[in-house]
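A.B. asks: Start from the sequences and build out the full structure, keeping to the hints where you can.
Top to bottom, those sequences are chains A and B.
Numbering-wise, our numbering puts 47 at position 47 of the first sequence, and it's gapless, one number per residue.
Numbering-wise, our numbering puts 77 at position 77 of the second sequence, and it's gapless, one number per residue.
Keep in mind that the hints were calculated from the coordinates and are not lab data.
Among the hints, erroneous ones may be present.
What the hints assert, rightly or not - From the structure, some residues in chain B lie toward chain A, with a derived Cβ separation under 7 Å:
| id | residue |
| --- | --- |
| 1 | K22 |
| 2 | F34 |
| 3 | R42 |
| 4 | G43 |
| 5 | F46 |
| 6 | G104 |
| 7 | G106 |
A virtual CB, placed ideally from N, CA and C, is assigned to each residue, including glycine.
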Amino acid sequence: DGGITQSPKYLFRKEGQNVTLSCEQNLNHDAMYWYRQDPGQGLRLIYYSQIVNDFQKGDIAEGYSVSREKKESFPLTVTSAQKNPTAFYLCASSIDRPDTGELFFGEGSRLTVL
Amino acid sequence: AQSVAQPEDQVNVAEGNPLTVKCTYSVSGNPYLFWYVQYPNRGLQFLLKYITGDNLVKGSYGFEAEFNKSQTSFHLKKPSALVSDSALYFCAVRDTWNNRLAFGKGNQVVVIP
Chain A
1 DGGITQSPKY
11 LFRKEGQNVT
21 LSCEQNLNHD
31 AMYWYRQDPG
41 QGLRLIYYSQ
51 IVNDFQKGDI
61 AEGYSVSREK
71 KESFPLTVTS
81 AQKNPTAFYL
91 CASSIDRPDT
101 GELFFGEGSR
111 LTVL
Chain B
1 AQSVAQPEDQ
11 VNVAEGNPLT
21 VKCTYSVSGN
31 PYLFWYVQYP
41 NRGLQFLLKY
51 ITGDNLVKGS
61 YGFEAEFNKS
71 QTSFHLKKPS
81 ALVSDSALYF
91 CAVRDTWNNR
101 LAFGKGNQVV
111 VIP
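C.D. replies: See the structure below:
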């Protein structure tokens with residue numbers, strides 16, 4: 001079945017360590033997104049990519065990095081520069097057209113910094 | 001910038017009663033509006049969208065939403081709530097300049113048996 005796969009589902013990290021969250025989609029979507037979810041704050045956009053080898057910063061990109069070397073993959077690295085990385089991270093993809101373009105989400109990755 | 005507001009943090013409703021989750025929007029140009037639902041520790045699931053056409057939009061799981069241009073609202077409704085409808089509901093608007101979706105902060109819906 002087509003969909004978005006995020007891994008790992010749960011991740012624990014010590015302060016000062018970088019971690020990479022995986023996001024893979026087989027929907028043939030051009031656009032991919034990373035959101036961060038904190039209780040009571042909704043979803044905040046970290047990075048998005050509308051095409052391979054190109055990506056843009058979202059509203060809270062500081063302390064994060066991404067790459068888009070393949071259409072199917074959009075990994076997110078949470079670096080040690082991110083001051084408060086404990087959160088639920090959601091990857092999404094969409095057809096890159098403004099008149100349609102609902103997002104399809106993965107099941108999320110919960111990162112806890114110890 | 002496009003934005004949506006969900007004024008209530010939590011909505012409590014008895015099972016079998018009508019459910020309404022409120023959303024107002026602020027856009028320049030035509031609004032593209034969406035509703036999503038999230039169950040605990042899961043990703044978001046698409047419920048419905050308004051792009052153009054009829055003001056009453058029907059979606060998944062018996063939900064519908066009414067687009068009201070004069071009130072800049074896009075409230076989500078269900079005629080008869082189920083306990084399984086208890087979840088977090090997000091309203092979102094697409095920014096037609098950069099295709100990004102801006103989400104509201106979410107509404108927790110609790111359906112009481």
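A.B. asks: Would you mind marking each hint as holding or not holding in the structure?
C.D. replies: Hints and how they fare:
no.	hint	verdict
1	K22	violated (15 Å)
2	F34	holds (6 Å)
3	R42	holds (6 Å)
4	G43	holds (4 Å)
5	F46	holds (5 Å)
6	G104	holds (6 Å)
7	G106	holds (5 Å)
Comparing the model with each earlier hint shows a violation of hint 1 alone; every other hint is respected.
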